[in-house]
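**Student:** So the chains spell out like this:
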Amino acid sequence: MLTKIVRTVANQLIVFILIFGLYVIAHGHLTPGGGFQGGAVIVSGVVMMLVAFSSQELKKSLRERVLSIMESTGALILIGLSLAGIGTVFAYNFLVGTPIFGRIPDFGPGPGDFWTGGVVPLMNLAVGLKVVAGLSAVVLALALFASGEEVEE
Amino acid sequence: MMEHIPLNFPFLAAALLVGISFYIIIFKRNLIKLIMGIAMMASGVNLFLVALGYRAGGGAPIYTDAPEGPMVLPVPQALTLTSIVINVAVLALMLTIVIRIYRHTGSLDSEKSRKMKG
Amino acid sequence: MKRQVTGLVLLLVLVAFLVWGVLPPTMRDFGYPPSDMDDYIIENAQEETANNNVVASVVFDYRLVDTLGEATILFTAVMGVLLLLRASKRKEESS
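Chains as they are written, first to last, in our numbering: chain A, 469 to 621; chain B, 38 to 155; chain C, 26 to 120.
Calculated from the structure, these hints are not laboratory results.
Do not take every clue at face value.
The calculated lysine-lysine pairs, modelled on PhoX-like cross-linking and capped at a C-alpha distance of 25 angstroms, are [unchecked claim]: (1) B:K149 with B:K65; (2) B:K70 with C:K27; (3) A:K472 with A:K528; (4) B:K149 with C:K27; (5) C:K27 with B:K152.
Can you build the whole structure from these sequences, using the hints too?
**Tutor:** Here's what the structure looks like:
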């Protein structure tokens with residue numbers, strides 16, 4: 469555990485990092501970004517908390533059951549969305565034209581509308597969940613193995 | 038607007054990165070240095086893949102507030118995204134195997150853990 | 026000694042082959058790629074997929090099966106790492 473100045477600054481900075489990562493994930497169909505990039509930003513925030521506090525402290529907040537459920541939910545949403553349009557082909561974009569996410573934009577450059585994109589924003593969320601849960605579990609397991617010789621259960 | 042770049046300089050930089058990592062993999066014996074060489078080779082291949090899809094004077098292939106002019110090809114950027122994620126996953130697995138080899142054998146030399154004993 | 030000389034010759038042959046394959050008469054010029062498929066994708070991506078970002082629509086709509094395979098690789102690698110960092114307790118108990 470590092471000094472009191474580092475712990476206080478890390479407590480304040482984690483809020484901004486989480487909001488920026490969620491912005492990059494959620495606007496993946498308008499600006500450069502998407503699921504993988506936003507997931508990497510959030511994992512770098514988790515690594516900063518792991519350095520400021522020791523890994524024994526962080527093990528009480530990030531339990532393994534919650535991370536496992538998050539990763540499995542992300543994978544199930546991805547497979548469910550690609551099997552939902554099975555009437556035509558396997559991975560059909562079945563939300564184009566419907567008023568949920570399927571407004572077709574005008575041709576050429578111009579400001580974007582949030583409710584466009586078909587099935588792409590929902591898949592961005594699923595991939596972001598999967599990347600965050602998987603990579604933070606790997607980083608936490610490596611830190612626990614190196615510090616206390618403690619097997620993770 | 039931009040004339041031909043002499044000697045194809047970005048392709049030459051990617052080929053030299055792959056060549057330096059060949060030297061590391063053939064001649065070094067420490068396991069951590071071998072892993073660094075493999076990561077450098079992955080960076081060289083990603084650079085080559087992105088440089089293949091550049092159109093002269095082009096901008097990003099996104100229609101939101103796009104400037105005038107032609108657009109860069111989008112398909113090599115999608116392939117590079119997949120390649121980066123796969124490299125991260127394989128690198129994590131390689132580092133875990135090196136940790137187990139060090140606990141079992143006691144040294145990081147690749148010559149000592151070559152002979153297969155029971 | 027013999028191993029060093031063999032390694033050096035192999036390295037020179039490989040680097041020479043790579044540099045020869047990249048310089049101008051063998052490889053095309055830097056900024057002018059052949060682009061039939063990408064012209065079709067840039068023209069028709071906004072009405073077929075209703076998306077402003079062409080790269081996201083290539084990754085998640087035109088080539089979705091590749092993204093599913095990459096998600097499987099990520100899942101398997103995370104599972105492999107968590108499995109390898111676990112089995113030390115039983116070995117210390119039995120020895």
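**Student:** All the hints need checking, so say for each whether the structure fits it.
**Tutor:** Tested hints:
For a cut-off of 25 angstroms, the pair hint linking K149 of chain B to K65 of chain B stands: about 14 angstroms separates their Cα positions. Our distance criterion of 25 angstroms between C-alpha atoms is met by K70 of chain B and K27 of chain C, whose separation comes to about 23 angstroms. For a cut-off of 25 angstroms, the pair hint linking K472 of chain A to K528 of chain A stands: about 20 angstroms separates their Cα positions. For the hint pairing K149 of chain B with K27 of chain C, the CA-to-CA distance comes to about 20 angstroms; that is within 25 angstroms, so the pair holds.
For the given pair, K27 of chain C sits about 21 angstroms from K152 of chain B by alpha-carbon distance, which is consistent with the 25 angstroms threshold.
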